[in-house]
Amino acid sequence: METDLLMMSLCIFIPSAFALGLLFFPKGTEEYMRWWSLVGTAATFVFSMFVFIDYYAMLQRNQDNTLTPAGIRRADASTQLSARAEAAANVKARSGEPSSDDGLARYPWIGRFGIEYYLGIDGISMAMVLLTTVLFFLSMIASWGIEKHVKGYCMLFLILETGVLGTFFALDFFLFYIFWEVMLLPMYFLIGIWGGPRREYAAIKFFLYTLFGSVFILIALLAFYFTDVQDFAPKETVAAANAAVKGKGTAEIHTFDLVLLAKVGKQGMDWMHLESEAERKKFVQAIVDRREKERNPTSAADVERRLEQAFFSPTFQYVMFLFLFVGFAIKVPIFPFHTWLPDAHVEAPTPISMILAGILLKLGGYGILRIAYPICPWAAHALAYYLCILAMINIIYGAFAAMAQTDFKKLVAYSSISHMGYVLLGIAVWPESNFNNWAWGMNGAMYQMIAHGISSAGMFFCVGVIYDRAHHRNLDNFRGLNEPMPLYGGISALIFFAGLGLPGLCGFVGEFMVILSTWNFSTPDHPHAGKVLAILAALTVVITAAYILWTLQRVYLGTNPAYKDYKDITPRELVCIIPLAILAIVLGILPVLILQWMEPHVTGLVDSLVQLKM
Amino acid sequence: MNATFAEALQSRLPADAVAFLPELVLCGAIVVMLLIRLVPRYDRVHMGAIAILIAGFACGLACYQWTQMTNVARTEYLFGGMLVFDNFTIFLKIFLLAFLTLVILLTLLTGIPDREDSADFYVLLFGSTLGMSLMASSSHLLMVFLSIEMASLPSYALAGFLKGRRQSSEAALKYVVYGGGASGVMLYGISLLAGKFGTGFLPVILVKITAEGHLMEPAVVMGLTFILAGIGFKLASVPFHFWCPDVFEGAAAEVGAFLSVASKGAALAMLARVVLGMGGLTGTADRFDAWNVATDYLVPVLAVFAVLTTTFGNLAAYGQTNLKRLLAYSTIAHAGFMMMGLAALNRDGAAAVLFYLVTYLFMNLGAFAVVAMLRNLTGQEDISYFRGFIYRSPILVITLGVFLLSLLGMPPLAGFMAKFHIFTVLYDAGQEYDRLGKPHLSWTMYALLLAGGLNTVISLFYYVKVLKVMILEKTLEDVEERPVEAKPAPILHSAYAVAIALVVLVLGVYVNPLADASGRQGGIADFRSTPRPTVTKGPPKNAPIGLNPGMKMGGGKKKKKKGMGME
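For the protein sequence lines, the chains are E and V, in the order given.
The numbering used here applies: residue 1 is where the first sequence begins, and numbers increase by one.
The numbering used here applies: residue 615 is where the second sequence begins, and numbers increase by one.
Since the hints were made in silico from the structure, they are not lab data.
Treat the hints with care, since some could be wrong.
Calculated from the model, a selection of chain V residues having no Cβ within reach of chain E, i.e. all distances over 10 Å [to be verified]:
id, residue
1, V646
2, F693
3, L719
4, T724
5, G794
6, T935
7, Y1041
8, V1071
9, F1075
10, V1125
The calculated lysine-lysine pairs, modelled on BS3-like cross-linking and capped at a C-alpha distance of 27 Å, are [claimed, not checked]:
id, chain 1, residue 1, chain 2, residue 2
11, V, K810, E, K151
12, E, K148, V, K822
13, V, K822, E, K205
14, V, K1088, E, K151
15, V, K1088, E, K205
16, V, K1088, E, K27
17, V, K788, V, K777
18, E, K205, E, K148
19, E, K235, E, K282
20, E, K92, E, K205
21, E, K235, E, K151
22, V, K810, V, K822
23, V, K822, V, K1052
24, V, K1088, E, K148
25, E, K27, E, K148
26, E, K235, E, K281
27, E, K148, E, K531
28, E, K205, V, K1052
29, E, K151, E, K27
30, V, K1079, E, K151
31, E, K148, V, K788
32, V, K810, E, K27
Every residue gets a Cβ at the ideal spot worked out from N, C-alpha and C, and that includes glycine.
Generate the whole structure from the sequences, applying the supplied hints.
Here's what the structure looks like:
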């Protein structure tokens, strides 16, 4: 039995199993349903920890301190996804048994299209998985206040968790897409049934935007699938495919395998960076020669055909990158696709807002990191400047829009847009040289995603706590909440400062790393772009501070007789918010807790993207 | 070759009849059901049980035929070239008969034909299915016309089956008038083609049209257009769709289910035979050349109609307030989707359509079934009546949700895999046409792909609108502040709906069997490799038992040679 397959699959499907279990609860046992669902999310968290332990052990096993040119430890290179995928294929070919401890599991699913049930983890997905299981557990605690149709709520909530986890674990593009879509529907109903007054509008808007983006992802998925990847596939696959056609020419190989597609995309970029025709011919010839042994004889026509590969054409890379980017940018959300977010966040019930801001937005960033960048790196590089501009618009626009809000929840929603801008900025700053800086940026973006997941979920929860008491969210009508609720006021301040990016709290680390790497960003046409962007990004931190401090002042400070008799934060609410507060502090002081196991693979991604130019 | 046609026909009759057995069973059933009423003791017996047994038996027979021929791609002509028997035929036969069985089961549950009418109802249903089965296998213009009429005439009566309901009669009348017009036009087209080429045998006509370059002659263009119009009517493709919403609204939901799936399936099969016989990708550039004139025109024409049909269906569905009418427009949109698959003009396209048809069978049958059950519960079919209905009968609403979302194409439901099949075919064909130096066809394919994707987004509006009303909105009682009364469906109804919903889910996750089967059975008879049908005397020795041992035209070149040698 392959343990890692079991662990990862359990992690994905335990929530669904618990959702099915809910069917057997009779009416009137709402309290038990909540506990059952809480146990479900807790079990998922436990299993994600098992996966994490296995993953960490794998990193430890391969520990070695020599460095590659890009600055990652040499042995960690063998834990990169691509290296592990190749090793796994070798092991399987040698012994017929898949290896149990490599964090990869692949089984055929739909033979006609070569679709696989292919799961895997590396630092990037591991971080997201842990964030997901923690936040779902905490949001389930926050869901105790949901009184309406508890059974339906818990079922949808758990199915949503399956969708999210599946998306993070999937390494097959098709599987990824399936899970990506599975998330839509539960979210639609969670907003639409349990949301605020304009819930139906917000829910359909969310659904429509995301589905619109999915169509583009689907087209890109088809385009990748129909590209022949026989030059890049592992030799076992090629040999098997060639055997199947029995010597009648070479077999084409089509795949949804994200790791393999990333390799193809990388080769395409390397090829397009070559200057002269002769060099390009040589490059292709090298690919052909490398494959010579496994394949039936090659000809000059074979070489010619390879020169026309889809991945070797700038148009293809541009179009596909844009398709993917639009699909994922809607989720992040990147300006101008952001308008669904304030509506959805404001109308959603508190726990769902936490999930939305804490996790679903990260799926967009994750998609860009895992799919758009590795598979279409050439376009990503060529468009780096414009992506940075977009990110900058997000940061500044989000901050100013947040400042203008009078609705507390809307303010937090716009601050999310602003903060997710840093994520894109960190990813987008692909420099001409000095790639260590870019690695800082990428790591910063990842760290920012985690930090934002914690702080924004906390902020939405804080808003929810007073909404439960005051039944309104109008910032101008609060005042003096600190007096009746001192404990709550203190924790809120901590969480909001984390969101602001105060040094010592989690929000600071990611933003700092991103701004640092932005400083060194430049393109041939815009040599000083990075400096301008970095200064602007740093200045926006001041605006962020302004709106958050102003909010704290308007809500918590002063005195207000109307709210004198409010109860302070309850124990249940404390159980939900304290872990977030602790995480905000710990991750602010000890970023190494996360970076030490996440960084090798984020830097590895950078390393694989820039290898040629070192 | 010295035997006369009549002699040969006679000598092969027994064998042909064996291949035709499932249909013969249906014929027998029709006679039995009509006659059984003459016996006074049985004149009031509900025929449902008998009907379902016979339909199941016929389906079993067809399945048996399938097991006999899955591994060989074969094309045989029955009854002197009237019908073609190939992998495609057998797939559709099973499809139609299985569907017939499920529909009869549904009618038994919802009780739409009462005891008195049951014989009439099932006779009409069987007759129509028989006609559709012939549609799926006709290879002669005469048979094309006869089978369409045979499928249509009982449908007219079925549409008006709710006697005494004005809408129902109106629907039937509208259907008859449109159907009559379409048949007339089609017959005119058939006579043009038959007169022009001196034969009605489709393979010969199609070969002449394309290979001998008769395509652009006025008589041929008109003849083809009229025939395609006739098929378009059965398919409810824009601009021949006007009957569809009215008929579906007027007729009982059970009849709507039957018409929307079976008659579309048969019409698509017929369309596939005609268009794939005339042009399309064969995989190699040299063979492609001979047919590319027809392909140059056929692909854009089919593509335009497919896009129009899908887009129109989806846009028009949005404004509907009646559930059946909304579903009627949705079926129009789905017909368009399947036409997109055919527009690629290759076998993969035909295979994708087969896959689509099977998933469509379950999701559409399910949707109509739930509508019928809701009607039985409440007597209503207006969407607005079902506000907040999930709190009254949760199982029906949730299963309806599964069907609608599958129709929308949400993974992991079957409808998504079906759309995915179509999309892969389009992208693949786009690349292939590009490689063959046909950029305009290649762009047509990509445009279709984009149109298909965007149409999915458009269709979101109305499918989700239904769910929104049923799930998100407050119940009527809530608004009027009366207590909500649970109105659960009878347990058998729920079981039927849940079973079909499970099939929809399973087909979306456990895709391999159906994908492989449809991929294999997409082996539609390749008319282009078929010579003029000659009549051989007696069955060849190597014919498998239980199947027609008549002429073997063979799918590939190898087989053809063998057949020639025997003569």
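Checklist entry - Looking at the structure, which of the earlier hints fail to hold? => result 7, 8, 9, 10, 11, 12, 13, 20, 21, 27, 28, 31 and 32
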